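**Q** This is what each chain is made of:
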Amino acid sequence: MAEIKYTFSELLVTGKTNPIKLIALEGILDESNADDFAPKVYEVIEQMPEQTSVILDLEKLSYMNSKSIGYIADYFNKVTAKGGKIVIAKPARNVKETLCVVGLDQMIPFTQTLEEAKLQA
Amino acid sequence: MKEIQGVIKGSNPVKINSDKDIEIKIEIPTKAYFMSGIRDFTLQMIKNMTDFSENWAYRFQSVVDELCNNAIEHGSDPDSFIKIKFIAVPDKHIKIQVEDFGKKENPITAQEILEKINKTQQTDIKDLGLRGRGLAFIVSKWTDKLEIKDTQNGGHIVEITKNLNDQTFKTLERSLEPNQIII
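If you read the protein sequences in the order shown, they are chains A and B.
Everything in the first sequence is counted per our numbering, starting at 1 for the first residue and increasing by one.
Everything in the second sequence is counted per our numbering, starting at 1001 for the first residue and increasing by one.
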């Protein structure tokens, strides 16, 4: 059975004036849990102040289906509408391939490290 | 007593380089819960039975997942089932067929599915909604042929083909920087 563990936290970055929210995922996002997980992220986005950026740390995410990617595209729209940015950090190779094949790399920057993500957020 | 250690492996996997076609059929209830097992099976089957790189095994895992999710969500009533068929033809191709049995309410034809795929592929990536990326991108880009047929019982058979002599299998270990996926 697919399981997704998530951590939402605030990041303090020297030299950055805008708040940054870190969303770290571990496990699998598929058809069986994508719809249950998405509202939790929507709630975070809704409550965060304007100009807040979001870093999605996908290092420990081992699988992601197209519906989950659709949700990320929707998070992007909601975060940018509030003046923030979204950055995807450390995606596993297969997850990165899937994100790229659907064209998400045309919307959202990917970084190899969390440090790079903080600079772009 | 002296410690004894050993490893016993099961029988060798059947490689798709024998002279016989290999066909595997699976039926699952139309519940997303069962898809993790199908994904695991697909990954191991491709790793063990073909000479595809690990990257292609993961790609096939996504392709099968998307085909089945689509059949369950758009082509099936609750408490129904879908049929998955893996067909390997030595030195030629792998085919995967996913059959659903249709929806009583708001049924969709094969032609309408193909039109949706085409429309999604023509839409700017930033304007796509939540759904539609599975068949339009993951399945279409990672396979050589995608066919969708209506069946007599109101369902569909979606069949993909991946040619085994595809030269890209040899180039997949290159960089995976965004925009550099080799298809």
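Don't take every hint at face value.
Claimed, not checked - DMTMM-like cross-link-like pairs, simulated, lysine to aspartate or glutamate; straight-line CA separation at most 25 Å: (1) 1126/B / 3/A; (2) 82/A / 3/A; (3) 1031/B / 116/A; (4) 1031/B / 3/A; (5) 78/A / 1127/B; (6) 1141/B / 105/A; (7) 1047/B / 26/A; (8) 1116/B / 105/A; (9) 1104/B / 26/A; (10) 82/A / 1127/B; (11) 1126/B / 116/A; (12) 1103/B / 116/A.
Just so you know, these hints were derived from the structure itself, not from any lab.
Please read these numbers as outputs of a predicted model, since none were measured by experiment.
**Q** Looking back at the hints listed earlier, which ones does the structure fail to meet?
**A** The structure breaks hints 1, 2, 3, 9 and 12; every other hint is satisfied.
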